[in-house]
Amino acid sequence: MTAAVPTARLLPFPRVPEDLTAHLSRHGERPRLDAGLLVKSIEESGLRGRGGAAFPTGTKWRAVMQRAAGGDAVVIANAAESEPASFKDRTLLTVRPHLVLDGLEQAAEAVGARRAIVYVSRAHGELRRSLVAAIGERRRRADSGVFVEVVTGPNRYVAGEETAVTARVSGRLAKPRAVPPRPFQRGVDGLPTLVQNVETLAHAALVARFGAGWYRSVGTPKTPGTTLVTATGALRMAGVLEVDSTTTIAEIVERSGGVSAEPAAVLVGGYFGRWVAADAIWQRTIDVDALRGVGATLGAGVIAVLPVTACGVAETDRVLTYLAGQTAGQCGPCRVGLPAIAETFHKVAIGSARPAALDLLARWATDVLGRGACRHPDGAVLFLASALQVFATDLRHHVRSGVCRFSGQPALLGVPETEAGWW
Amino acid sequence: MVKQRLRVDPIKCKAHGMCSELIPERIRLDDWGYPIIDPRAIGPDLLAHARRAVAECPRAALRIVGVDEPGARDRPDDPD
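Heads up: the protein sequence lines correspond to chains A and B, in order. Numbers in the working numbering are just positions in the first sequence, counted from 1, shifted up by 4. Numbers in the working numbering are just positions in the second sequence, counted from 1, shifted up by 25.
Treat the hints with caution; some may be incorrect.
Just a few of them, taken from the derived set where beta-carbon distance is under 8 Å, the chain B residues facing chain A [claimed, not checked]:
{"hint": "1", "residue": "C38"}
{"hint": "2", "residue": "A40"}
{"hint": "3", "residue": "Y59"}
{"hint": "4", "residue": "I61"}
Honestly, the hints are just simulated from the structure, not real lab data. We treat Cβ as the ideally placed atom computed from N, Cα and C, and that holds for glycine.
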């Protein structure tokens with residue numbers, strides 16, 4: 005089978021960092037559009053947020069615009085990318101910083117923001133340096149009209165959640181808070197604030213140039229445009245791919261050089277995502293409905309292939325322990341519940357739990373759902389629930405025997421070191 | 026009249042557990058003592074109990090809200 009030439013809107017080859025001159029010779033100056041027309045165009049494009057929640061971008065822009073109502077507002081490009089398996093945002097911001105900054109400036113003009121900020125993680129120092137250099141190039145031209153700042157946040161999973169981002173930019177600890185008010189209502193310093201993932205802003209910059217019809221010319225009506233995915237795991241060539249919603253998991257694997265071992269399961273979305281049995285998802289596209297059919301969402305765009313030569317129980321065990329350690333410690337079901345879940349799952353994995361522990365985990369997975377100020381506990385228990393389902397046979401084996409042939413393998417899903425602070 | 030329900034602020038709540046004693050018809054406790062709220066509307070028969078539970082919460086974490094009030098995190102499919 006010969007696949008069509010993939011559409012590369014955000015990340016054309018060769019992927020070398022594009023300076024302002026190269027960016028301008030590719031796309032020219034960004035258009036200065038009437039705010040109302042631009043927001044309408046973003047709405048018509050059907051673009052959705054690429055940070056994980058897939059909220060309609062146009063709806064968000066309009067909400068901030070209306071809330072600001074001619075007064076001041078703030079826009080933030082969220083480049084925290086705290087999802088450990090993902091590196092699509094860093095890749096994009098490194099290769100095409102000016103496309104992202106175009107989108108950020110356009111968003112600022114559309115909603116009437118005087119402050120435009122790029123939020124990066126302290127873990128990504130190299131990215132911060134290249135970003136500051138790119139912003140410097142634009143300032144020297146002096147006609148950009150929007151002054152862009154860079155704010156650094158802690159290397160923590162929930163520090164990229166949008167209320168944590170607005171807290172950090174306001175000078176407080178980068179912890180999520182209860183909503184409402186959502187950032188569009190009261191964000192940075194109490195102002196209406198638009199927080200948008202960097203990939204989303206890059207798409208918005210292209211919609212501003214080429215229009216909603218152009219944007220919708222690839223993909224499906226419900227999930228139009230292209231999307232960046234991080235393909236990782238048992239692949240010959242792990243990396244970031246630009247695909248659209250007609251692309252199947254099999255095609256993503258093929259474009260990643262094929263599998264390096266027979267696949268058993270796929271983790272879709274990220275560490276807050278879902279395990280799906282490989283044979284159930286292999287021929288499915290990444291369209292929202294196709295993934296929903298197997299209980300998954302594309303989330304932050306992670307596609308991680310687990311080979312039959314790895315232990316899904318051991319992988320899940322490590323990730324659950326990581327997620328439990330990433331709680332902001334504010335809400336009981338997360339602060340107390342996630343460590344209890346991780347500890348019990350670990351006991352199952354090493355064979356020191358009773359069989360009833362699996363039923364207890366299933367009940368906790370239901371009990372904890374929807375009970376945090378942010379979605380961190382939801383992500384952890386939905387991930388857990390999918391593991392209980394997909395690895396049911398393996399889990400029963402672990403309860404009896406403690407180990408399996410592959411539980412001693414090196415980790416496929418890495419977990420980063422976490423810093424102690426929250427600023 | 027707008028239908029109403031109970032909602033807890035999960036950051037304020039410190040698992041005192043009084044609410045579930047005052048309105049067990051709508052609030053049970055999880056294994057760690059934190060309340061799990063039944064999202065169904067509160068009928069006239071339960072309204073007095075709900076108000077008492079709100080008033081007695083030592084952390085002022087419990088509220089009565091309209092069932093359709095936006096922004097609740099208790100629907101995991103509600104994107105933010």
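Verification of the supplied hints:
{"no.": "1", "hint": "C38", "result": "holds, 6 Å"}
{"no.": "2", "hint": "A40", "result": "holds, 5 Å"}
{"no.": "3", "hint": "Y59", "result": "holds, 4 Å"}
{"no.": "4", "hint": "I61", "result": "holds, 6 Å"}
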